[in-house]
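Below are the chains, spelled out letter by letter.
Protein chains: 4
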Amino acid sequence: MLDETAKGVFTIACTPFRPDGALDLSSVDSMVDFYVEKGATGLTILGIMGEAGKLSAAESGDVIKRVIARTDLPVIVGVSAAGFAPMQALAAKAMDAGAAGVMVAAPHTLKTDDQIIGYFHNVAETLGDAPWVLQDFPLVTEVTIPTKVILKVMEDCPTCVMLKHEDWPGLDKITDLRAASDTGARRISILCGNGGQFLLEEMLRGADGAMTGFAYPEMMADVVNAYNRGHEERARDIFDAYLPLIRYECQPGLGLAIRKHTLAQRGAIAHATVRKPGPKLSDATVSEIAVLVERQEARLKALG
Amino acid sequence: MLDETAKGVFTIACTPFRPDGALDLSSVDSMVDFYVEKGATGLTILGIMGEAGKLSAAESGDVIKRVIARTDLPVIVGVSAAGFAPMQALAAKAMDAGAAGVMVAAPHTLKTDDQIIGYFHNVAETLGDAPWVLQDFPLVTEVTIPTKVILKVMEDCPTCVMLKHEDWPGLDKITDLRAASDTGARRISILCGNGGQFLLEEMLRGADGAMTGFAYPEMMADVVNAYNRGHEERARDIFDAYLPLIRYECQPGLGLAIRKHTLAQRGAIAHATVRKPGPKLSDATVSEIAVLVERQEARLKALG
Amino acid sequence: MLDETAKGVFTIACTPFRPDGALDLSSVDSMVDFYVEKGATGLTILGIMGEAGKLSAAESGDVIKRVIARTDLPVIVGVSAAGFAPMQALAAKAMDAGAAGVMVAAPHTLKTDDQIIGYFHNVAETLGDAPWVLQDFPLVTEVTIPTKVILKVMEDCPTCVMLKHEDWPGLDKITDLRAASDTGARRISILCGNGGQFLLEEMLRGADGAMTGFAYPEMMADVVNAYNRGHEERARDIFDAYLPLIRYECQPGLGLAIRKHTLAQRGAIAHATVRKPGPKLSDATVSEIAVLVERQEARLKALG
Amino acid sequence: MLDETAKGVFTIACTPFRPDGALDLSSVDSMVDFYVEKGATGLTILGIMGEAGKLSAAESGDVIKRVIARTDLPVIVGVSAAGFAPMQALAAKAMDAGAAGVMVAAPHTLKTDDQIIGYFHNVAETLGDAPWVLQDFPLVTEVTIPTKVILKVMEDCPTCVMLKHEDWPGLDKITDLRAASDTGARRISILCGNGGQFLLEEMLRGADGAMTGFAYPEMMADVVNAYNRGHEERARDIFDAYLPLIRYECQPGLGLAIRKHTLAQRGAIAHATVRKPGPKLSDATVSEIAVLVERQEARLKALG
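Protein chains in written order, with our numbering: chain A, 842 to 1145; chain B, 842 to 1145; chain C, 842 to 1145; chain D, 842 to 1145.
It is possible that part of the hints are untrue.
A pair counts as met if it fits within one copy or between any two copies, since identical chains are not told apart.
With a cut-off of at most 30 Å between alpha-carbon atoms, the simulated DSBU-like pairs for lysine-lysine come out as follows [to be verified]:
no., residue 1, residue 2
1, 906, 879
2, 952, 906
3, 1117, 989
4, 1142, 1014
5, 989, 952
6, 934, 879
Everything labelled a hint here was simulated from the structure, so no lab data went into it.
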């Protein structure tokens, strides 16, 4: 079961589809193998980038079972929903199937500090014993969660064991949370998202690793490992080599399509299909990715 | 099956819960009977005010079956969803159970005219043969749909047979849509929501009736019938008698709780419970409703 | 100077324009006379409904001077601005001209409780000695201000002497604020907006009056006066007589044009012009207003 | 006067303040000299990153005059405003002072295609003969402008001579606009913002240069010049060397403070002050910038 000591790289898994939009379960297997091989210490499925909202309840169940059957790594399942009954149903399905925990983001209707706290109280009550991750992603949810609200949720809800941090800008939030746990607050795991754009600085501020789905998951593993071994310059060199592509993948609305394209090119999944409604890559975009990958490989080679 | 000739009053049904939040299926029966007795010509279930997002997939299915089993009136089922696979799954469940049609609102991510048109093209493709209602509710969806976009959807999607109109202000939109159908565009049914606040003017502009859930559905029936029989002054008198309560029920965020309170007072449902997250009425609010209802009854009595 | 004892009806004044969009200063005079005659105890100018954002700095100054020169009633000037320097410049101009106080709404960029508190701290510092009104209008500003945040601002900022209340639903907020002042918090003036839609209930909850611009300001005066003399039923009868038009005027986006049309019909201003970007009333809308006014007059006559 | 042939680098100028928040006009001089020295072919002042909304009308005028007096480069002045009267007043002040043109963004109230087109028609009418730039910046304005709407504005408004492109993702929009001008549409200048994050790809798609305020403006000049001379690999090498800092500066809400800090470090302005409401950099942030700058210098030196 997931707990506050989780660290490393929890890769945000995509959900593979066939060109006709049907679920591609055999690509689930190859994708899981790929993530494991590239250094993941855990997987997160059915998140925003996992196109969770586009799956029927039956399909969600199929993906959960298939992923968990394929790996011994801890698996976190996104269960954000418009209400607590569907959240409970999906969380039960996930935990019964062997998930290590679940993840919940704030719905965009929340406005005030107390509304946010009240919502996560309800979440904790709904989830019962299941360990859960609070996903803090204002750019998508439109909900800004102040540090003190996170600390209050941590204090009130012992089953909340991790923050998926993707506030932006959010580096000082990590610093503030770590200062709080250094002076008595419960210390939870902080894994960072945002496509990895700030991974090095996030580690410096006190993060425990990454939870994001950049199509070269070895970047996250290599940066985190180099940093943890005390090789900060090496970690920066690796990060900088990948940065042009990281940046390119972080285009809102287009990022998932770029990520799936790259994963398909690398053989992790059979098809780059994004379910409707979703973008298709233009030829110019595909060419730009190819150039970035080529330069990335050259630079990594030069780094040794 | 629902078609362009639908008219009268399609009552937006609430979803009854017990005080502990569990689904209250026996209240579904009494509520349906109540709506029929008060003059509904159809029912719409699992809409925004039906707390659809707070139901699990299994619960949604139970509500659909229970309602349809209880009445011969046409039943429209809200199937708005974050993706087309869950929309398709729910629509299939509804149509298989005997629904007359389904209803879809625009997700708040849509911005441009072409994005809206493209989305409803996908909706029509997803729903296949099922007749469907386009719900136009900008105050909640944050999507403004211009008249010309509605006309384009109507032109391209013959299975779209009705507009649930609750743009606000939206009276001129009805006028413009009717002007278009008078000069060659396909004429669809227009039923109006917004809690009934503009029902009289909506009829004058060319609406075919109401689709809303004001806790006195006989208001909608009486106003529409009086208007249709040519008794406009009588229709206005009835409307004005109910207006203080209509207004009070139309408080964003609080309206559903007021509506359920009134329905429970009237015996339509056993409990006024709104599922979390949702508001509770203060004592002052409950008193204010009582005064409004008392004056309403006196005024209706005076009208004869 | 404005203080916490302010009560009655502060009419939200419109800004009159000529058909070509130029400022119509002679209509400012007739409009002020009209408001005074209809029972205003104060005026509020350059608010959201005063098209403040559409005026140049020079025009704003002209309006302020003209209004204040015409009346002995206290005048509040809206000074919301994108930054504190322009806010300070406008507030200085207003206070120098003899305004009784100024009014500020929250900018839509504010999200968390602390951001809102911090903003109003800056406002108080910017305004110096000038008494000011906190305008709480979430439907337009997109900022939800919890009761405890208002109380904190009241505690920290003694120059804040009034709340312009137009949260919606917001009746319980009035109750909560009055409960707080009954148990030790500073009691400020609460005047209510929202077009007057909830005036009776607002008075019952503890408001001191109205601050809104409904085109029949005598409604606010008569309701508040009847209520204050203990004639609640009489107050309700008057309110209900005006309610069909109140409701019609409260159409977002269209309301100001309806209000100016009615004010022009009543001779308060010479032209109904709304400055661009702004709506024009359709013929159908103009006809609907005429019918509502006719019925309103008949009903008021019947009331005596 | 600005026309469709503008190209190169129009640096987005910040507005310098003293530590007490007062305007720092002597830093305006040093800043202009700095931008000129680093390769700017034009300047853009009083944009979003120029804290335009925080200036009083008098201060705006002072900044405009000071900048224009200091340089012969064409100067574009941001004149976005809540209404057309203040827009006209500011544009007149700018053009009278010798500006080359003005720039306007869409207000966040615009929703539909026709509303956007109508708004810019009004803008063109308001601005008269002044050449103007359409700023397309959805991340801040919340207004998504489809390519066909831009083309319609270009067709209808000959005084619109430039697009400040900072849609994100927006590369295909450049491609589409250039495809349109290749087949008959008027070709306007496209300069790109977004902090320079996609500058290389933007040039490849057909942009004419950059309009952004990254604190190392020589990056934009060197990349654009290398690209224009046909040295794409060289352009990429330069870009990649700056990318870690570009990325760090592109933190929403924090970016301007980072930029001003760096400009102050480089001696372009005397103080890093951002006017309230605005962020202050934490010590950790300042340290992170220092490391990034050090590595950037090493890498540029290695490039030669």
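Exercise. Which hint numbers does the structure go against, in order from smallest to largest?
Worked result: 2 and 4
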